[in-house]
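Heads up: the protein sequence lines correspond to chains A and B, in order.
Start counting the first sequence at 1; every next residue gets the next number (this note's numbering).
Start counting the second sequence at 1; every next residue gets the next number (this note's numbering).
No lab work stands behind these hints: they were computed from the structure.
A few of these clues could be false.
Below, in silico cross-link-like pairs of lysine-lysine (DSSO-like), each with a Cα-Cα straight-line distance of 27 Å or less [said to hold, decoys possible]:
hint, chain 1, residue 1, chain 2, residue 2
1, A, 38, A, 148
2, B, 277, A, 391
3, A, 391, A, 350
4, A, 266, A, 38
5, B, 204, A, 391
6, A, 266, A, 12
7, B, 277, B, 295
8, A, 288, A, 350
9, B, 277, A, 350
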Amino acid sequence: MNVLAQHGFGPKDKLTRGLEQGCIAGAVLSPRYLTPDKMRETIAQLRGTGRQLLMDPEFFATAYLRHPQPNLGTLEQWDYFQPPRRGALISGTAIPEIIQRCMQAQADMGLGEWIAPSVYVSAADSMDSGIALNFVAHARRAADAVGKGLAFATLAVDRDVFLNGAGLRDIVDALTAVDNPPDGYYILVGNGGARDSGNQIRSDIYHPEVIAGLMYTNYALSINGARVVNGYCHLLGPLLGVCGAEAAASGWFSGLRQFSMSKYVKEESGGRAPVIRYVSTPLLSRIKQPDFLAYQSVIPEVASETPSDALYNREEPSRTDEALQSWEAVQALSRACTTGDISADLENFKQRVHRASELWSALQEAGFAQDVEANLERLETIREGISLFEKLAELA
Amino acid sequence: MQFPIPRVQDMQQALGLPSLPVFIKPGGFKAVYRMQNARGENEALKAIFLPTATTDEETLVRDQLVARAKREIAALQARPSQHLVTLGSVPAQMHHLGGYDYLVYSEEFLQGDPLDRWVGRQPPPTFAEIRTLFQTLIGLIRDLSQIGYLHRDIKPDNVIATGLPERPFVLLDLGIAYKMHGTELTQGGGPPGTLRYMAPELLKPDYKDNMDFRCDLYAAGLTVYVVASGTHPFAPRPESQYATAYRIIHSTPQPLASYRGDFPSAFCSIIDRCIRKRPALRYARLELVEEDLGKVAP
Numbered sequence: 001m002n003v004l005a006q007h008g009f010g011p012k013d014k015l016t017r018g019l020e021q022g023c024i025a026g027a028v029l030s031p032r033y034l035t036p037d038k039m040r041e042t043i044a045q046l047r048g049t050g051r052q053l054l055m056d057p058e059f060f061a062t063a064y065l066r067h068p069q070p071n072l073g074t075l076e077q078w079d080y081f082q083p084p085r086r087g088a089l090i091s092g093t094a095i096p097e098i099i100q101r102c103m104q105a106q107a108d109m110g111l112g113e114w115i116a117p118s119v120y121v122s123a124a125d126s127m128d129s130g131i132a133l134n135f136v137a138h139a140r141r142a143a144d145a146v147g148k149g150l151a152f153a154t155l156a157v158d159r160d161v162f163l164n165g166a167g168l169r170d171i172v173d174a175l176t177a178v179d180n181p182p183d184g185y186y187i188l189v190g191n192g193g194a195r196d197s198g199n200q201i202r203s204d205i206y207h208p209e210v211i212a213g214l215m216y217t218n219y220a221l222s223i224n225g226a227r228v229v230n231g232y233c234h235l236l237g238p239l240l241g242v243c244g245a246e247a248a249a250s251g252w253f254s255g256l257r258q259f260s261m262s263k264y265v266k267e268e269s270g271g272r273a274p275v276i277r278y279v280s281t282p283l284l285s286r287i288k289q290p291d292f293l294a295y296q297s298v299i300p301e302v303a304s305e306t307p308s309d310a311l312y313n314r315e316e317p318s319r320t321d322e323a324l325q326s327w328e329a330v331q332a333l334s335r336a337c338t339t340g341d342i343s344a345d346l347e348n349f350k351q352r353v354h355r356a357s358e359l360w361s362a363l364q365e366a367g368f369a370q371d372v373e374a375n376l377e378r379l380e381t382i383r384e385g386i387s388l389f390e391k392l393a394e395l396a
Numbered sequence: 001m002q003f004p005i006p007r008v009q010d011m012q013q014a015l016g017l018p019s020l021p022v023f024i025k026p027g028g029f030k031a032v033y034r035m036q037n038a039r040g041e042n043e044a045l046k047a048i049f050l051p052t053a054t055t056d057e058e059t060l061v062r063d064q065l066v067a068r069a070k071r072e073i074a075a076l077q078a079r080p081s082q083h084l085v086t087l088g089s090v091p092a093q094m095h096h097l098g099g100y101d102y103l104v105y106s107e108e109f110l111q112g113d114p115l116d117r118w119v120g121r122q123p124p125p126t127f128a129e130i131r132t133l134f135q136t137l138i139g140l141i142r143d144l145s146q147i148g149y150l151h152r153d154i155k156p157d158n159v160i161a162t163g164l165p166e167r168p169f170v171l172l173d174l175g176i177a178y179k180m181h182g183t184e185l186t187q188g189g190g191p192p193g194t195l196r197y198m199a200p201e202l203l204k205p206d207y208k209d210n211m212d213f214r215c216d217l218y219a220a221g222l223t224v225y226v227v228a229s230g231t232h233p234f235a236p237r238p239e240s241q242y243a244t245a246y247r248i249i250h251s252t253p254q255p256l257a258s259y260r261g262d263f264p265s266a267f268c269s270i271i272d273r274c275i276r277k278r279p280a281l282r283y284a285r286l287e288l289v290e291e292d293l294g295k296v297a298p
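Chain A with its partners taken away, still in its complex shape (with noise of 0.2 Å):
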């Protein structure tokens, strides 16, 4: 599996660097953060062999055009990003024509790869899962009216969705009997109102179904064919490429490690910029940079042991390096981890859940109380989710 980059504001250098180093395959860029001119710029700077770019168009902030504090940043810059009609989109007329407008968009910005707009899913057996399904299956046709690019449908769906379990699986179904299916599919999972915690202990998507709704989402579409990219994915990004996706991506603030709509409403700023963390693999945690050291003085098996690790030995590391270490780490596991054969490649994920147990548990007894009891049952819940997986994919 790939590990992408998920844009948003600030990159300065960690795209190009991260390119370079080879410790992503490629980003999701923000039309968010780039105006027409240059989200252009920044493909032409960016683009290489074997680099996978994709243009996110997230269209379904539109939601928030009339809201009376959005935060849509340059998306009301772009052509596509227009309010549309609630009856139009009911009766599925204007859904051809948006997703064409939506990938003429990003064709004309030099891309081969265009992921067709879509609204957010609240709720399975809503009437924006039907239309988001309606997107989903005029994808491809409008991609072929735009002229020779792959096309990757949206689903943007809330937490609460796959906490349906059935009405997700019924989503499922409807998805892979699409005629003319597109090539792939983009998948955002949104927690609603999240907040900037620095670390993944409190999210909303460590939830044993959601895991399990994730998983099970790319297992039946990828062993149908479609390619799979997740979005605001971090840790979970490997489980995910056990499953069969393609790639995660993820970026270098909790906002763009997990989705949420709420970016897109203006909220109180402030608060302190977050703390230095390093990603360490056999933890399956993100931590602080001081308990790193601290933690690997006691248990030098917390490290990653990738490259990047040298940099936290020595002074506090930039953002660059921590973004940098971050992608690293997400990519070392993802390949340690995705053989393609799922039963054991599952059961090499449950070991390092596991071990990771352990080692959280070896701490604890080393005198570190912090955050291990919640790290416990952040590897528990993805146990359980995992476990459930094996159900719902009649793998268990």
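Assemble chain B onto chain A, guided by the hints.
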């Protein structure tokens, strides 16, 4: 279903046949005979019983039977595949025989074994036979779907092994075939078909919303599984339909490879995938099945 079976003499007279037809078997509302056409060739003559319609319910049943027969005939007239039974010399016609109404028509008469006779056969079917059977069924599902039909009753009893190299397996009985986007023929009650070969989604109350070719794919996979393994994973012994329905929904079959270690494991995995519970976990497109089959060594 018990219904009055027309006498062979009445059938001969009504149809002006050169010789007496021979009664073979009843099935549902249908009686099947072997007859000879004007050229002296055997054909399968079918007489569909149409109950007297004195109540609304009887009228509904009668109308459905007529409509299904017409649909079957229309599908066969389209000749979508050489592996489907073909129509015979007697076109569809109504007759009043022995005081009851029947819709009568003929199909080609197929020599060979219904595949249910292969279940538990010794020696068991070879990989070459099973592979050909599966390829034939997949081709049939594709051909039917191209004219907008689902078969809905693929099972060993409805497949004849002819022994002919150009046409080794022929599928019978499109009597409950379903025309996608067509007029509804079944109202109320459960789905028509044979429970033992029914995909799990067809056992849901909203099954009509979930029907697509993957129901036929499931039945084809299960047919192959049963013929190859010699056992039915959801109905291993006679038991109530409720028990069978429960197993269809909840039981996970043993991998086919556990019965047929002599088959390529990749082939067994394809069959196992076809009989997964969730349609999404089967194959979303028939080309994907054919692609996977292409990777299995002959």
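Unmet hints by their number, sorted upward, for this structure: The structure breaks none of the hints.
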